[in-house]
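**Q** Residue numbers (our numbering), protein chains in the order written: chain G, 1 to 312; chain E, 1 to 325.
FYI, nobody ran anything at the bench for these hints, they're computed from the structure. You may find that some hints are simply not true.
Computed list of lysine-lysine pairs in DSBU-like fashion (alpha-carbon distance at most 30 Å, straight line) [stated by the list, open to error]:
no.	chain 1	residue 1	chain 2	residue 2
1	G	K23	E	K210
2	G	K290	E	K22
3	G	K290	E	K91
4	G	K186	E	K283
5	E	K210	E	K283
6	G	K186	E	K91
7	E	K22	G	K45
8	G	K45	G	K290
9	E	K22	G	K186
10	G	K202	E	K91
11	E	K230	G	K290
12	E	K210	G	K290
Please read these numbers as outputs of a predicted model, since none were measured by experiment.
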Amino acid sequence: MTHSLHGRLDDVTGDAGYADHPKRKGFFTDTSVCIGCKACEVACKEWNQVPDDGFELTGMSYDNTQALGASTWRHVAFVEKPVHPTTADLGLPGMGPPGFGTHESGLPQAAPAGEDQATASGDGALRWLMSSDVCKHCTHAACLDVCPTGSLFRTEFGTVVVQPDICNGCGYCVPACPYGVIDLRKEDGRAFKCTLCYDRLKEGQTPACAQACPTESIQFGDVDELRQRADARLAELHDRGVDVARLYGRDPEDGVGGDGAFFLLLDEPEVYGLPPDPVVTTRDIGSIWKHVGAAAATLVGIGVVSFAGRRR
Amino acid sequence: MVPQADFESYYGQQIIKTPTWKTPDVPLYLFLGGMAGASAVLAEGAALTGNRTLERTTRLVAASGAGLGTVFLVHDLGRPMRFLNMLRVFKVTSPLSVGSFILAPFASLASAAAASQVTGRLPRLGRLAGVGAAVFGPPLVTYTAALLGNTAVPAWHEAHRELPFVFAGSGACAAGGMAMLLIPAAGNPPARQMAIAGAGVELVATELLKRRLGMLAEPYEQGRSGRLMKTATRITATAAVISTIGRRSRAVSAGCGAAYLVASAMTRFGVFEAGLASARDPKYTVVPQRERLAARRAGTAAGEAHDHASHEQTGLDQVTETAAT
Ligand code: SF4
Ligand code: SF4
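With the hints as constraints, model all of the structure from the sequences given.
**A** Okay, here's the thing in structure tokens:
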């Protein structure tokens with residue numbers, strides 16, 4: 001109850017009450033080297049024995065998984081974005097419908113310089129973005145804050161885990177998560193999400209997804225060290241002219257106090273289905289209770305007014 | 001691929017999850033809890049002023065509302081048998097946890113008060129239980145606004161300042177309306193007055209909510225949720241006017257009572273649906289966050305925080321003023 005609710009927090013595990021604890025563990029997912037193989041999705045399902053999440057063909061590029069959920073703890077997003085070649089437009093007739101390769105705002109969109117995930121094949125050029133999404137294991141985790149049963153808890157590794165033997169399926173964590181990660185499993189009734197392979201961590205092992213990733217797009221380790229690695233990688237990409245590269249969830253000053261699992265992205269977060277500026281809802285819990293209290297007092301006032309002038 | 005013109009998304013998919021809370025379970029719980037909590041206040045007022053009929057009726061409404069509401073709440077759980085896990089811990093960061101510690105004593109006290117009222121046994125203890133229920137009643141009515149407000153659902157979270165007042169007013173309407181319906185005699189002015197005052201608070205708070213929310217007011221004004229809200233507002237306003245004028249007729253009184261009840265339920269369904277609509281459309285998550293980012297980058301964060309604080313003050317004052325009149 002006394003733990004901090006927002007802002008920078010350097011020792012999240014200590015704040016949760018662990019006196020003596022290992023370093024905070026997390027993921028750095030470098031999407032610039034992701035090849036969309038979905039090995040992480042498969043490894044996660046196998047290790048954690050997560051049931052199937054439906055067999056659907058969505059028409060969303062190679063993404064038939066769609067989103068994170070109770071039975072999807074890693075989700076590989078595939079973005080196909082038309083790009084406009086950086087060459088000058090000579091007004092010559094080209095292939096494809098008019099306006100193709102134009103940003104939806106109507107403004108021509110320049111291909112990012114040094115873009116290494118684009119197919120530069122003229123007018124119909126496509127930009128390929130692939131990214132393996134996962135629970136962010138937030139520093140200030142809304143899911144954990146709102147859980148009324150104490151089922152969600154902070155582990156000694158600074159991660160956020162559901163205890164299925166306590167969860168009563170109230171569903172409060174579901175709309176509380178600013179990233180749309182956790183969900184109830186319909187047939188089961190309880191909430192599930194990534195555990196950052198809590199069982200493997202306890203044995204000193206790497207989570208299944210990171211172990212399976214063939215390109216080291218998913219890197220596992222101590223969060224402080226991963227942050228340095230991410231900074232170095234970002235600097236390297238910027239040096240090579242990939243100006244669109246940016247880190248997401250890396251900043252300990254952001255709305256959730258930084259993510260335990262953060263990313264290097266090549267476009268705006270919302271392009272990958274991520275919120276551009278997530279804030280933990282409990283940052284406002286003081287204001288919320290204040291207004292609830294004032295409204296309750298107003299109701300008492302209404303009661304008094306209703307009987308005004310009436311005496312026994 | 002990206003449907004809307006002024007923001008980007010991943011194949012138009014929503015970002016946050018749609019709340020899994022079921023309709024009608026949860027909106028009905030919001031309504032019943034509101035009616036029960038405000039009825040306990042009405043009951044205590046009736047006891048203090050020696051209005052026996054009103055006391056008896058409102059005690060029964062408080063007890064049955066809380067009981068039925070609890071049934072809906074438990075039914076909504078994915079694992080209903082584990083509902084007692086709600087009382088395993090107490091967390092102020094979880095309105096559902098706080099709410100469980102309001103609902104549990106309220107339901108017990110209201111039931112005890114009603115039982116004593118019906119059987120005529122242990123009148124002193126019954127009365128004491130009634131006082132207790134009246135203490136837990138108002139928070140029971142308004143905490144549900146925190147339940148909705150403390151989520152990432154844009155139309156709920158951003159409305160966390162006004163929603164408690166909407167619910168307080170709506171609860172008063174329901175309690176007053178129910179008592180008017182059950183005791184349509186001309187001798188029941190407190191119930192009528194409670195409904196009228198509640199209507200005033202609800203209408204003002206709803207209007208303030210829509211004005212302050214900007215783009216996020218859309219779900220409260222458009223679509224199914226918008227229609228529910230609009231109809232609820234119209235019925236409440238009409239009932240308030242008619243019950244103010246036609247205070248002598250039994251039929252008019254009963255009719256207005258029923259109208260207040262229906263409108264109160266519609267408000268809860270409307271607010272609930274508005275939240276779901278705002279969760280389903282990525283626009284409501286992305287655009288306000290983009291604007292927030294832009295404002296921060298422009299370095300206007302300090303100025304905005306100041307604006308917010310003063311706005312909040314006026315909003316509160318206005319609602320409280322209406323309540324007092
Ligand atoms: S991303 Fe969502 S589910 Fe994961 S820790 Fe943060 S709030 Fe919880
Ligand atoms: S669904 Fe389970 S994990 Fe989620 S808030 Fe409720 S009790 Fe906690």
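**Q** So, for every hint listed, does it hold in this structure?
**A** Each hint, compared with the structure:
1. K23(G) with K210(E): 46 Å, violated
2. K290(G) with K22(E): At roughly 28 Å apart (the allowed maximum being 30 Å), K22(E) and K290(G) satisfy the hint.
3. K290(G) with K91(E): 16 Å, holds
4. K186(G) with K283(E): 27 Å, holds
5. K210(E) with K283(E): Holds - the C-alpha atoms of K283(E) and K210(E) are around 18 Å apart, at most 30 Å.
6. K186(G) with K91(E): Status holds; Cα separation ~26 Å.
7. K22(E) with K45(G): 28 Å, holds
8. K45(G) with K290(G): 44 Å, violated
9. K22(E) with K186(G): This hinted pair holds, its Cα atoms lying about 12 Å apart.
10. K202(G) with K91(E): Measuring from Cα to Cα gives roughly 28 Å; hence the hint holds.
11. K230(E) with K290(G): Within the cut-off at roughly 28 Å; holds.
12. K210(E) with K290(G): Holds, at roughly 20 Å.
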